[in-house]
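Colleague: Chains as they are written, first to last, in my numbering: chain A, 3 to 377; chain B, 424 to 723.
Derived by calculation from the structure, the hints in this document are not laboratory data.
Accuracy of the hints is not assured; some may be wrong.
[Stated by the list, open to error] According to the in silico footprint, chain A covers these stretches of chain B (three or more CB under 8 angstroms from chain A): (1) 617 to 628; (2) 633 to 643.
[What the hints assert, rightly or not] As a list, the in silico DSS-like pairs of lysine-lysine whose alpha-carbon atoms are at most 25 angstroms apart: (3) A:Lys82 - B:Lys639; (4) A:Lys348 - A:Lys266; (5) A:Lys186 - A:Lys176; (6) A:Lys117 - A:Lys82; (7) B:Lys639 - A:Lys139; (8) B:Lys639 - A:Lys117; (9) B:Lys639 - A:Lys125; (10) B:Lys718 - A:Lys139; (11) A:Lys260 - A:Lys250; (12) A:Lys252 - A:Lys304; (13) A:Lys266 - A:Lys304; (14) B:Lys639 - A:Lys120; (15) A:Lys304 - A:Lys250; (16) B:Lys538 - A:Lys28; (17) B:Lys535 - A:Lys82; (18) A:Lys186 - A:Lys252; (19) A:Lys298 - A:Lys266.
No residue lacks a Cβ here, since even glycine has one placed at the ideal position from N, Cα and C.
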Amino acid sequence: MANQKVSQDTGDLVLNRISKFYGDFKAVDDLSLTVPDGSFFALLGPSGCGKTTTLRMIAGLEEPSQGTIHIGDTDITTQKPYRRNVNTVFQNYALFPHLTIFENVAFGLRRRGIKDVKTEVDKALALVELGHLAERKPGQLSGGQQQRIAVARAIVNRPEVLLLDEPLGALDLKLRRQMQIELKRIQMEVGITFIHVTHDQEEAMTMADTIAVMNQGKIEQMGSATDLYEAPRTAFVANFLGQCNLIKAKVQSRAGGKAVVTAKGHTFEIPLSRVSTENDSILLGVRPEKLRLDDKGVNSIKDCVVTDRSFVGTSTQYLVRTPWDLELVVFEQNDEGLHDLHVGDKVSLEWDPEHTFGLDGAQDVNAGADLDDEE
Amino acid sequence: MAFLHTATGTSSGPKSGIKSKSWTPYLLLAPGIIWLITFFIFPIISLASTSTMVRPEGAQIGTYVQELRFQNYIDAFQANQEQYVRSFVYAALATILALAIAYPLAYMIAFKSGKYRNILLVLVVAPFFTSFLLRTVAWTQILGDEGPIVSTLKLLPFVDESMRLTSTPFAVVSGLTYNFLPFMTLPLYASLERIDPRTLEASGDLYANAFTTFRKVTVPLSLPGVVAGTLLTFIPAAGDYINAAILGNPNTRMIGNVIESRFFAVVDYPTAAALSFTLMATILILVTLYIRRTKTDELV
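Work out the full structure: start from the sequences and follow the hints.
Modeller: If you want it as structure tokens, here you go:
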């Protein structure tokens, strides 16, 4: 009977206006979200943004204060965790220390009374390439191996949704890169919906098809890694994913598919499609690698001064001060076009209008900056 | 022993080539070793030698000579079989009762007590502030004919007027259970408290309901505490004589009472010594079997 429930057609995971309050504190605030069946989805945000609470509500470890959660047509909002067809890879794995690796992986199958435990467990262990460790205890495994067992223990149940709570947080950098690729491969092989919670923007961008950036219990923006990076719609997203230059500016006109804005006497153009606000006070944004040390473009700032320079291998990073004392970050690729400037040199900056975006000017310019290294 | 070897092994100077021994580990162990030799090894040897002694014909009471008479053991055991078996039955009952009371208590303190945890732990050990003897005497009041429990029970229709609780096996087992309860609770608490709550969440996530999670995860992970607690309760309870003396009657005598009266009342040292050794040996065997059986050494 349990078997049939699992093999049933799966559906999209839909969170409908869910909130979670702890006293006066809103951990998750009126959040709605649809995760398509079979996708690799990431919830990205700094610690305390509500991403783990959201995950725990999907797992059934917390109950939403408001709102509903559906998988396909089934309402799972108040279903006990052991009744949901959702499995979790816990932060720090939470393997059962008293059971062998085999029994750890078999745990969920045995609880549901599934017949062919051995075959299923062997298949799951083969998927994470650790079949030879079946008789060991978790304490005898390395962190990376435990991590993969935690994935196998969850996946063997063929859940409709697999939740991963900062699964790579405890691993060192090299192993983390390796596991990112591994998890992506496993997801493609099994085709289960993965929801991955992380505070590491690079991890989210590497693995997920769709990323939802969360901040203070709400989703700031959702989209592919490219969308979020190239066309952020809030200052938080612009700063949290990679580095960003934001300049306060005023809209002078919106016509002919472009907005003309001014900042401290300089005039810049932004395609209207890339302006995400009706407000006339805006933040003009441009990524550091899109800036060029030249003065021919439509959008350019003359009479700037180099205030810092650091060589980081593939590129050289400059800090450049504008005539009105705003510091902008510029990445220049280390190829034949390299300018090789030094601190104190005069330069001009230019960039293409289509690399520019306009955000609502009422936001904090520094929102989301320096948050990604927390925890 | 292992660290003694390493300590002496690594201290051999490579330059001189002469093996210079470090005496530090021995010096650190000395007070403990001297203490054990004086108050454990020496009395044990003396007890062992007493156990095979014989009182010569016509000699004064309390005078014994060594004749290596091992028949003493058989005689002592045969004469006191009943008390001997009773000791282990009472100790086992008290251990089971203590486990049944202490497990929910320790579970509650470990997982549900929140900010009251430390207060509750202090309350668990609070009885130790009063003497063991006094606490047992207090139980004669609690279980006494005029005490609250008996008079309450007598209100029930099916309870006989002549009912009493003191001087019964019930009183002795209750006293044993009560007196050794902290020894059960503390190790249980220690092992329950060490369980990562996320493993319990993981069990729920993997289709186990609360009861299955308790059976398959909580209990196995708390097994070291169960083993430690049952040993700390069973071993002293089996040799105890205060509870049987104060709360029991002549028909609830335990082996401890026999040994005590042989030593101090009858002045029959060889029988008392032989009984003590038999008790020790039986406990050792039972404990070894128990630990083997529960395979606690494989845990953690």
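Colleague: Of the numbered hints stated earlier in the document, which are not met by this structure?
Modeller: Hint 18 is the one this structure does not satisfy, whereas the remaining hints hold.
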